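Student: Protein chains in written order, with our numbering: chain A, 1 to 239; chain B, 1001 to 1297.
These are computed hints drawn from the structure, not numbers from a lab. Possibly wrong hints are sitting among the right ones.
[Claimed, not checked] Label pairs and their in silico Cβ distance ranges:
1. A:D201 to B:V1186: 29 to 39 Å
2. A:L69 to B:Q1200: 15 to 25 Å
3. B:G1277 to A:E108: 31 to 41 Å
Treat the numbers as computed from the prediction; the structure is a model and nothing was measured. Note that beta-carbon positions come from the ideal geometry of N, C-alpha and C, so glycine has one too.
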Amino acid sequence: MIEFINATKIYDNGARGLNDLNLKIEKGEFVYVVGSSGSGKTSLVRLLLKETELTGGRILVDGQDLAKLKRRHLPYYRRIMGVVFQDFRLLKNKTVYENVAFAMKIVEATPREIRRAVPQVLNLVGLSKKAKAYPNQLSGGEQQRTALARAIVNRPPLLVADEPTGNLDPDTAWEIMTLLEDINDLGTTIVMATHAHDIVDTMQKRVIQLSNGKLVRDGEGGYVDVAPEPLPPLGGILR
Amino acid sequence: MKPRTFRHFISEAFRSLVRNRLMSFASILTVASCIFIVSLFYMLAANIDFFLMQLEDSLQIMVFVDEDLPPGAIGPLHDRIRVMPQVANTIFVHRDDALEDLVETLDGGLERIGALRANNPLRHSFIIELRDLRYHDELIRIFNDMPEIGRVGDFGAAADIMITIRDVVQVASLLLILILAAIAIVLIMNTIRITVSTRQVEIGIMKYVGATDWFIRWPFVIEGLLIGFFGGLIPAVLARLGYEGVISRIAGVPWLNFIEFMPGEAIFMYVMPLAIGLGVLIGLIGSLVSVRRYLKV
């Protein structure tokens, strides 16, 4: 489903997002991307969303080389994945129902399809009773569940979640994780970037651990502390 | 694009207009103010032009036929003058008719009318209306060179002054309309840009969910068109209502009643489409330019 081949991302200020990363994620997998701040998690997510470009190597998603993807085809590429962010990113002026329906309107679903699918997915995330509420009337957990409903309503084969539990209390975070597991059970590939050690330790799924943009661990199990790479000497940075 | 998608855009545009009603109102007011000034200036320029045209029509060249020209040659001479490209119209005035006019004008002031009638000192003449004031000097030259013409009566420097006034008014009005339209475009672009920038986050989210640029752009474009349409319609209606009132008041002032104004129907045949068209164009350009920079996510 996803393949990073010698993927390197160097930002304009010289910071390395990814450093010669090689990895493969199969269809239906649930993968955690972990690492400390600045390890490259967010770069990996942003590259998957094609929000930024690689400076070296390749990324293949569903056999498609992202470097060759034209700008006008980007919206169609983004429709093969659902995205969930730490800050929910809901449309404030739309109700829960409208936020979810919006993702379907974009793909020009018929009103009938929308009327059928949105209540179903709201039921799945436990928000049927909040359909008419606006985001500012919801708790953090409810907002994230709305974002999750929006991400999966078009039944994308891939779900990318960037710190989806980052703004939630532990109980709510577990609710979201249970939901993600249910979605994965339905066959959706999930790539989740997270800081939450407890979740990674408990779920016992595949863990991709990054440090300074490099892959330092790829295997099942919990979070493992990896000694960070020594920082370059201060003089080197200043020069 | 499916019709229901377009319906979605229209409903989104209206919802956004209502939701951001303060900003929408400010935008409409901005466009309306600028277009109102443009309309006012257009009406003023059109009326000056109308006034000058009437004045031009009253300026004619009087050409007197040479005394020695045999009567049979007057017809062919009239034909030659009539077909000149610079000439709009000619009227032949027989010397007897000219005398009768003179007698009528003097209202019995001449004692020896009988003697004058017996030996008419006046000549046959042509009253010549010009196609354009610009041909004045050229025609005078042509007539002076014609042996059949005895004397040419012209209005001298008046023609040059009229041409200058007309040219200045035309160029100034065009320039001012262009400048005001440009100011209006800049103002509305800024207003729409503020509207769009407050929805930058919304646009970003739409892009992450897989919306195409046009899917995002359409509601903004329709919103811009609506703002422009109302921004054009309001000043057009206000100007229409105000125009009749103002000209009827001016007509009531004794020392100004020599001025004849363009009729309301004639002027609004142009002002109405100009105002609404300009508004719609401003709205379209403003929204397209403003939304473009936020689409690069």
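Student: Enumerate the violated hints, using their earlier numbering and listing them in ascending order.
Tutor: 1
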